[in-house]
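Chemist: Residue strings, one per chain:
2 protein chains.
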Amino acid sequence: MKFICFALSVLFLTGLASTVKAQDYYASQRNNWLAKAENAKPRLNETIKRPTVLVNLIADKASFQGWKAVIATPVDTLYQRSFRKQNGIVVDFGEHVTGYVSFKLATSAGTADAPLRFKLTFGEVPSELATPFDPYSGGLSRAWLQDEVVDVMDVPATVTIARRLAFRYVKIELLGSSQNFDFKMVDISCKAVTSATEKPVELAAATPQQFKDIDRVGLNTLRECMQTVYEDGPKRDRRLWIGDLYLESLANNYSFKSYELTKRCLYLLAGLSGENGYLIGTVFENPEPHPQAGQYLMDYALLYNVALKEYLSATKDEQTANDLWPVAKRQLDIINSYVQANGLMNYEKANKEWWLFFDWKDGLDKQAALQGLAIYTLKQTYELAKALNKETELKEVPSLIKKMSAAGLKNLFNKQTGMFESGTSKQISYASQIWMVIAGVTSKQESQKALLTIRETKNALYPGAPYLYHYYVQALIDAGMNTQAKETVSNYWGGMIQKGADTFWEVYDPNNEFLSPYNFFPVNSYCHAWSCTPVYFIRKYPEIFQTALLNR
Amino acid sequence: MKFICFALSVLFLTGLASTVKAQDYYASQRNNWLAKAENAKPRLNETIKRPTVLVNLIADKASFQGWKAVIATPVDTLYQRSFRKQNGIVVDFGEHVTGYVSFKLATSAGTADAPLRFKLTFGEVPSELATPFDPYSGGLSRAWLQDEVVDVMDVPATVTIARRLAFRYVKIELLGSSQNFDFKMVDISCKAVTSATEKPVELAAATPQQFKDIDRVGLNTLRECMQTVYEDGPKRDRRLWIGDLYLESLANNYSFKSYELTKRCLYLLAGLSGENGYLIGTVFENPEPHPQAGQYLMDYALLYNVALKEYLSATKDEQTANDLWPVAKRQLDIINSYVQANGLMNYEKANKEWWLFFDWKDGLDKQAALQGLAIYTLKQTYELAKALNKETELKEVPSLIKKMSAAGLKNLFNKQTGMFESGTSKQISYASQIWMVIAGVTSKQESQKALLTIRETKNALYPGAPYLYHYYVQALIDAGMNTQAKETVSNYWGGMIQKGADTFWEVYDPNNEFLSPYNFFPVNSYCHAWSCTPVYFIRKYPEIFQTALLNR
Numbered sequence: 001m002k003f004i005c006f007a008l009s010v011l012f013l014t015g016l017a018s019t020v021k022a023q024d025y026y027a028s029q030r031n032n033w034l035a036k037a038e039n040a041k042p043r044l045n046e047t048i049k050r051p052t053v054l055v056n057l058i059a060d061k062a063s064f065q066g067w068k069a070v071i072a073t074p075v076d077t078l079y080q081r082s083f084r085k086q087n088g089i090v091v092d093f094g095e096h097v098t099g100y101v102s103f104k105l106a107t108s109a110g111t112a113d114a115p116l117r118f119k120l121t122f123g124e125v126p127s128e129l130a131t132p133f134d135p136y137s138g139g140l141s142r143a144w145l146q147d148e149v150v151d152v153m154d155v156p157a158t159v160t161i162a163r164r165l166a167f168r169y170v171k172i173e174l175l176g177s178s179q180n181f182d183f184k185m186v187d188i189s190c191k192a193v194t195s196a197t198e199k200p201v202e203l204a205a206a207t208p209q210q211f212k213d214i215d216r217v218g219l220n221t222l223r224e225c226m227q228t229v230y231e232d233g234p235k236r237d238r239r240l241w242i243g244d245l246y247l248e249s250l251a252n253n254y255s256f257k258s259y260e261l262t263k264r265c266l267y268l269l270a271g272l273s274g275e276n277g278y279l280i281g282t283v284f285e286n287p288e289p290h291p292q293a294g295q296y297l298m299d300y301a302l303l304y305n306v307a308l309k310e311y312l313s314a315t316k317d318e319q320t321a322n323d324l325w326p327v328a329k330r331q332l333d334i335i336n337s338y339v340q341a342n343g344l345m346n347y348e349k350a351n352k353e354w355w356l357f358f359d360w361k362d363g364l365d366k367q368a369a370l371q372g373l374a375i376y377t378l379k380q381t382y383e384l385a386k387a388l389n390k391e392t393e394l395k396e397v398p399s400l401i402k403k404m405s406a407a408g409l410k411n412l413f414n415k416q417t418g419m420f421e422s423g424t425s426k427q428i429s430y431a432s433q434i435w436m437v438i439a440g441v442t443s444k445q446e447s448q449k450a451l452l453t454i455r456e457t458k459n460a461l462y463p464g465a466p467y468l469y470h471y472y473v474q475a476l477i478d479a480g481m482n483t484q485a486k487e488t489v490s491n492y493w494g495g496m497i498q499k500g501a502d503t504f505w506e507v508y509d510p511n512n513e514f515l516s517p518y519n520f521f522p523v524n525s526y527c528h529a530w531s532c533t534p535v536y537f538i539r540k541y542p543e544i545f546q547t548a549l550l551n552r
Numbered sequence: 001m002k003f004i005c006f007a008l009s010v011l012f013l014t015g016l017a018s019t020v021k022a023q024d025y026y027a028s029q030r031n032n033w034l035a036k037a038e039n040a041k042p043r044l045n046e047t048i049k050r051p052t053v054l055v056n057l058i059a060d061k062a063s064f065q066g067w068k069a070v071i072a073t074p075v076d077t078l079y080q081r082s083f084r085k086q087n088g089i090v091v092d093f094g095e096h097v098t099g100y101v102s103f104k105l106a107t108s109a110g111t112a113d114a115p116l117r118f119k120l121t122f123g124e125v126p127s128e129l130a131t132p133f134d135p136y137s138g139g140l141s142r143a144w145l146q147d148e149v150v151d152v153m154d155v156p157a158t159v160t161i162a163r164r165l166a167f168r169y170v171k172i173e174l175l176g177s178s179q180n181f182d183f184k185m186v187d188i189s190c191k192a193v194t195s196a197t198e199k200p201v202e203l204a205a206a207t208p209q210q211f212k213d214i215d216r217v218g219l220n221t222l223r224e225c226m227q228t229v230y231e232d233g234p235k236r237d238r239r240l241w242i243g244d245l246y247l248e249s250l251a252n253n254y255s256f257k258s259y260e261l262t263k264r265c266l267y268l269l270a271g272l273s274g275e276n277g278y279l280i281g282t283v284f285e286n287p288e289p290h291p292q293a294g295q296y297l298m299d300y301a302l303l304y305n306v307a308l309k310e311y312l313s314a315t316k317d318e319q320t321a322n323d324l325w326p327v328a329k330r331q332l333d334i335i336n337s338y339v340q341a342n343g344l345m346n347y348e349k350a351n352k353e354w355w356l357f358f359d360w361k362d363g364l365d366k367q368a369a370l371q372g373l374a375i376y377t378l379k380q381t382y383e384l385a386k387a388l389n390k391e392t393e394l395k396e397v398p399s400l401i402k403k404m405s406a407a408g409l410k411n412l413f414n415k416q417t418g419m420f421e422s423g424t425s426k427q428i429s430y431a432s433q434i435w436m437v438i439a440g441v442t443s444k445q446e447s448q449k450a451l452l453t454i455r456e457t458k459n460a461l462y463p464g465a466p467y468l469y470h471y472y473v474q475a476l477i478d479a480g481m482n483t484q485a486k487e488t489v490s491n492y493w494g495g496m497i498q499k500g501a502d503t504f505w506e507v508y509d510p511n512n513e514f515l516s517p518y519n520f521f522p523v524n525s526y527c528h529a530w531s532c533t534p535v536y537f538i539r540k541y542p543e544i545f546q547t548a549l550l551n552r
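Residue numbers (our numbering), protein chains in the order written: chain W, 1 to 552; chain B, 1 to 552.
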């Protein structure tokens with residue numbers, strides 16, 4: 001086995017022949033990896049949750065997306081009175097829950113002589129319940145929106161919605177009933193599910209309340225996304241993406257420590273990689289494990305290596321790391337395929353042949369970010385190799401890192417401004433500074449200057465989503481800018497909490513609450529894995545986040 | 001046991017004391033009767049049915065309710081092409097089916113990365129698919145309408161609609177999908193259920209084709225309504241009503257011969273009767289057997305006795321008949337409670353204290369019909385008593401029949417016109433003639449005159465629904481008017497077939513196709529038990545219906 005791996009490692013780095021061999025190797029391993037993924041599949045922990053209050057939805061320009069939920073009465077007022085007189089009520093579970101919703105119906109007058117028809121709308125945030133879904137203008141499937149029409153043929157009844165739901169609020173409307181009887185809706189509940197079981201350690205008492213709050217909301221976010229894979233969001237898209245896996249596993253390493261889940265995901269992705277051995281950005285568990293065919297997402301494929309390295313570092317599970325090492329090594333061939341004689345990644349070609357993500361931000365030029373991420377991946381994979389005593393398999397990597405770093409500095413760094421520029425338009429963006437800083441291409445001083453200067457640069461493209469904000473905070477810390485890192489977490493994630501977040505959102509632009517990559521903000525996910533990473537920062541860097549805030 | 005029954009039989013006929021005793025007796029027997037009902041519960045026979053063609057719905061003033069379904073292509077054209085390109089298609093099962101619908105979804109391009117959302121609308125007749133249901137104006141629950149909204153979280157998938165459906169046509173609309181994949185809908189099927197198992201004997205070859213057709217549609221109607229009770233309609237209300245039971249069991253006696261089903265229903269009604277021992281017009285099986293509290297429907301309670309007599313006559317099952325005899329005898333107390341010294345039923349009081357149904361016909365005065373039905377019930381119950389050698393328990397009945405018949409003739413019969421008149425307005429209706437003829441109050445000659453004269457009477461209230469048309473045909477046969485009976489079946493039920501009926505309808509007024517007792521014609525039932533009785537007439541009276549039609 002070891003011999004094969006070594007033999008492959010050479011072949012992987014050499015054009016066509018390596019692709020053929022990789023195909024053979026993957027074909028032989030795929031079922032093993034999938035079997036190991038299945039073995040590591042966690043049991044879901046079930047908890048019954050119940051709403052505690054009814055709320056009124058109030059239009060309010062000062063509230064997030066224009067709506068707030070104001071506590072009206074205890075939920076018992078719902079259960080005790082005829083439902084007919086309360087048509088359209090909204091119950092509040094008081095927290096984000098992911099699971100299976102049930103309710104009971106009891107006749108309160110007359111005999112039920114006809115079915116009842118309900119519409120239940122589940123919202124993670126108040127605006128989802130107040131914004132009409134139809135006619136639907138979103139770019140994603142309308143079916144992601146969580147409004148369910150349910151016919152109940154007999155009363156009394158216990159009704160369970162088959163679909164798993166993710167929500168805090170439920171609006172319940174009566175669409176059909178008989179005049180010959182009245183009824184009550186009682187005991188609404190949700191069998192909440194998560195594979196997170198361990199209770200994370202408490203933060204140091206001295207931790208500022210705001211960071212305690214941010215940590216709590218981050219843990220909630222992560223817990224909700226931890227199912228039988230690391231999901232990106234329990235409402236949408238409910239599946240494993242490499243980028244989300246990476247960030248979730250970072251946070252998990254410092255909180256729930258569900259390492260089996262990380263292991264499962266690493267194996268699942270390996271088992272479902274493309275025929276050429278390149279990883280596919282996202283995979284599905286149901287009805288049986290399968291990849292999103294052709295979904296080659298370069299930055300995510302590369303980050304798999306970093307996730308594997310972090311997994312090994314947290315668990316010392318060398319068996320898994322060795323087992324998956326050929327996968328990590330194969331991903332380096334992506335870099336080899338696009339790096340040019342001058343040390344720069346062929347951005348134009350890569351952009352044509354792969355999806356380069358990096359952020360939800362219209363018009364973002366990703367040349368510099370890609371260069372940075374490629375260098376970072378090489379470095380991290382080399383660290384992984386060293387931990388496994390396999391650095392001899394990556395003999396060419398150290399020189400490649402040097403060459404690519406130098407090329408990045410020479411071609412993308414503007415010494416006069418102190419900032420990186422991307423693409424033919426020499427675009428100035430946070431993404432470019434962030435990834436070149438994380439790549440360690442610049443000195444600490446240069447990194448600080450780049451990250452400080454861009455804050456003063458008008459029209460610089462700032463991050464569009466929490467995903468890139470994560471790397472921003474990491475870059476700030478890497479550059480020794482602890483205060484700014486702290487401020488960013490405080491302002492950005494703290495900002496979501498100020499606006500009512502129970503879980504952190506997929507998309508949050510403080511300047512545009514209605515921003516949606518899908519052209520319809522209610523279809524955004526408001527509990528999204530990649531937003532949970534303050535948990536990681538606050539717990540990994542206690543000296544930064546768990547000490548009193550300086551006066552600013 | 002026998003002694004108790006006898007003792008009760010005396011008490012039943014004497015006011016308050018009898019009520020108290022009846023309560024005791026029923027309390028002791030109710031669980032026995034319910035247990036016997038449960039024991040007689042039939043297994044459902046399952047058959048997989050599939051649509052054969054796609055149809056186009058065409059607005060057409062000449063078609064029933066303005067819509068016709070025109071065959072477009074074989075159903076394979078649906079299965080072979082992308083569903084997306086066929087959104088809104090209508091499949092045709094070619095016959096009325098009652099059961100559980102499934103379909104399969106298969107990805108045809110790309111990878112399913114989002115749920116699908118469908119709306120499926122099930123129609124017994126084409127107009128149900130072409131008439132918007134909302135905003136809903138009907139008097140019954142909107143939930144009876146069979147439009148189901150279904151979210152399918154993963155593809156490929158086999159989807160089964162939980163609700164039992166009754167339909168011939170299905171319109172399928174796609175409400176949500178992802179642009180990243182395409183799919184096909186394949187293998188739509190319905191697990192059709194019925195408790196009718198025996199194959200009725202074939203009609204004599206010489207039977208005119210029209211009566212063969214009417215018999216076939218009647219059998220379909222009955223078969224669809226025969227579930228674990230005789231339902232009134234498999235789409236709506238899906239439950240046991242005494243009036244429907246009576247007519248269905250008549251047709252069953254001459255066709256499927258599922259006598260256990262009749263027995264089950266007779267016991268179920270007995271077990272769920274009111275505390276006073278009076279039968280309740282309708283009962284439910286789910287979630288557990290229970291009556292529609294307070295639904296006292298006088299004509300139906302009385303017809304139970306006739307149904308029991310017919311059951312005994314068809315089966316010779318004296319054990320059941322003896323067991324339920326106290327129930328039948330108790331129903332006679334209803335008549336005793338309302339018959340006045342002059343021999344007339346106290347219509348005003350009865351109409352206040354009970355629901356008197358007889359027909360869906362606005363403004364119908366039911367005094368004469370009630371008098372007729374009361375007399376008929378006394379006669380039939382006396383026949384039942386004789387068959388059980390219990391006529392001594394009904395000593396007062398023969399004289400009561402005479403007295404009430406005489407009172408009917410004296411007070412309600414207009415000798416000059418030869419017709420019965422009802423109520424203070426002396427209303428002329430088919431219902432009055434029909435029930436007084438069936439009661440045998442008039443001579444054959446008088447009966448014929450009444451039934452002939454009303455046909456020539458302008459503004460006479462004619463029957464509103466097939467239920468009363470059944471009694472009309474029976475009255476015609478009783479009066480020896482075979483040709484007219486034949487014509488009525490041919491014109492009325494044959495008329496439905498000419499308008500496209502696969503099963504006979506709950507409501508059919510040849511002069512108003514949109515008539516609905518519920519203010520919205522799509523909520524009418526188009527497969528309704530009480531319309532199936534041509535099966536009974538055609539098979540019981542072969543000399544009338546199974547011989548060549550005379551030239552008319």
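Treat the hints with care, as some may be off.
Repeated chains share a single entry, so a pair holds when one copy, or any two copies, can fit it.
Unchecked claim - Okay, derived cross-link-like pairs now, DSBU-like style, lysine-lysine, Cα gap no bigger than 35 Å in a straight line: (1) K85 to K361; (2) K119 to K191; (3) K61 to K426; (4) K85 to K352; (5) K85 to K171; (6) K395 to K458; (7) K458 to K36; (8) K426 to K85; (9) K449 to K191; (10) K104 to K49.
Read the hints as simulated data drawn from the structure, not as lab findings.
Chemist: Reference check for the pair K85 and K352, CA-CA at most 35 Å: within, between, both, or neither?
Modeler: between (58 Å within a copy, 30 Å between copies)
Chemist: Could you figure out if K85 and K171 sit no more than 35 Å apart (CA to CA) within one copy, between two copies, both or neither?
Modeler: Both, since 14 Å and 34 Å are each at most 35 Å.
Chemist: At most 35 Å between alpha carbons: which applies to K85 and K361, within, between, both or neither?
Modeler: between (46 Å within a copy, 33 Å between copies)
Chemist: Given a CA cutoff of 35 Å, do K61 and K426 count as a within-copy pair, a between-copy pair, both, or neither?
Modeler: neither (38 Å within a copy, 69 Å between copies)
Chemist: Have a look at K449 and K191 and pick one of within, between, both or neither, based on CA distance no larger than 35 Å.
Modeler: neither (51 Å within a copy, 71 Å between copies)
Chemist: Regarding K104 and K49, is the shortest C-alpha distance of 35 Å or less found within a copy, between copies, in both, or in neither?
Modeler: both (15 Å within a copy, 34 Å between copies)
Chemist: When no copy is named, should K426 and K85 be tagged within, between, both, or neither for a Cα gap of at most 35 Å?
Modeler: Neither: 62 Å inside a chain and 44 Å across chains, both beyond 35 Å.
Chemist: For K395 vs K458, is the C-alpha pair at or below 35 Å within one copy, between two copies, both, or neither?
Modeler: neither (43 Å within a copy, 107 Å between copies)
Chemist: Cα distance capped at 35 Å. Does K458 pair with K36 within a copy, between copies, both, or neither?
Modeler: Neither. Shortest intra-copy (51 Å) and inter-copy (85 Å) distances fail the 35 Å Cα cut-off.
Chemist: Which holds for K119 with K191 at a C-alpha limit of 35 Å: within a copy, between copies, both or neither?
Modeler: both (20 Å within a copy, 27 Å between copies)
When held up to the earlier numbered hints, the structure conflicts with 3, 6, 7, 8 and 9 and fits the remainder.
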